[in-house]
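**Student:** Sequence:
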Amino acid sequence: MSRFDDDFRRRFGERCRTFPRIAYEGEDLKRAAVAITLVEADDGSGEAAFLLTRRSAELRAHAGQWALPGGRCDPGETLEEAALRELEEELGLKLPPENILGVLDDYPTRSGYAISPVVAWLGDVSALNPNPHEVASVHCIRLDQIAREDAIGFETIPESPRPVIRVYIGEQYIHAPTAALVYQLRELVAGRITRVADLEQPVFAWR
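What the sequence shown shows, in my numbering, is residues 13 to 219, in sequence order.
Heads up, some of the hints might be wrong.
What the hints assert, rightly or not - The list that follows gives simulated cross-link-like pairs (lysine to aspartate or glutamate, DMTMM-like), each with its CA atoms no further than 25 Å apart: (1) K42 / D19; (2) K42 / D136; (3) K42 / E100; (4) K106 / E171; (5) K42 / E183; (6) K106 / E146; (7) K106 / E93; (8) K42 / E89; (9) K42 / D55.
Everything labelled a hint here was simulated from the structure, so no lab data went into it.
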């Protein structure tokens, strides 16, 4: 279990800062960044959690899917700047740059993006104000929930030799790319460095 306290911030922050990140070096994919925002669980347990959204049904792309707040990087924008901007645009949360703990591996998607997960710390979620045009709902997912052995699943598909990853949250499950990023977060919390770029997305997400 991971208590949301200064000790966890120090220990996990050091893991993020020293993470041997693998960046996508190609020029064929568009750059995007998402925010993995660590917060205190909303159930009174004092445990660490992260914010996960359900995308609005009004969106043209990936409507209704589970997602981390994020989007395409603007010209001249750093990954960290893009993640913080998207976090404010989607959830109304304005974080200072010093709240960023680090950046994990890039994940190349079938739809033409290289997604960079930016890990950030948020001590107070009272300013949470989701943009209804982009976000249908916001969920606070405890880290110990994704640490369970049965929280991660892999399956094979005829269209690819790569395993498709699923992360199970209660009776719901999420796919890559979000599932791959959450899986790497889970592994790093446990002190393990696990690469996820070769984990496959379901066919419906290839477009």
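**Student:** Each of the hints needs a verdict: does it hold here or not?
**Tutor:** Status of each hint after checking the structure:
Restraint check for K42 and D19: the C-alpha separation of about 37 Å exceeds 25 Å, so the hint is violated. Simply put, K42 and D136 have alpha-carbon atoms about 32 Å apart, too far for the 25 Å limit, and the pair is violated. With a C-alpha separation of about 21 Å, the suggested pairing of K42 with E100 holds against the 25 Å cut-off. Taken as a hint, the K106 and E171 pair is broken in the structure, with Cα atoms around 41 Å apart against an allowance of 25 Å.
Of the supplied pair hints, the one linking K42 and E183 is violated, its CA atoms being roughly 33 Å apart against a limit of 25 Å. Restraint check for K106 and E146: satisfied, since their Cα atoms lie roughly 17 Å apart, inside the 25 Å limit. A threshold of 25 Å between alpha carbons decides the hint, and for K106 with E93 the separation of about 11 Å falls inside it, so the pair holds. Pair hint K42 plus E89 holds up; C-alpha atoms about 13 Å apart against a cutoff of 25 Å.
With a C-alpha separation of about 38 Å, the suggested pairing of K42 with D55 is violated against the 25 Å cut-off.
In this structure, the hints that do not hold are numbers 1, 2, 4, 5 and 9, in rising order.
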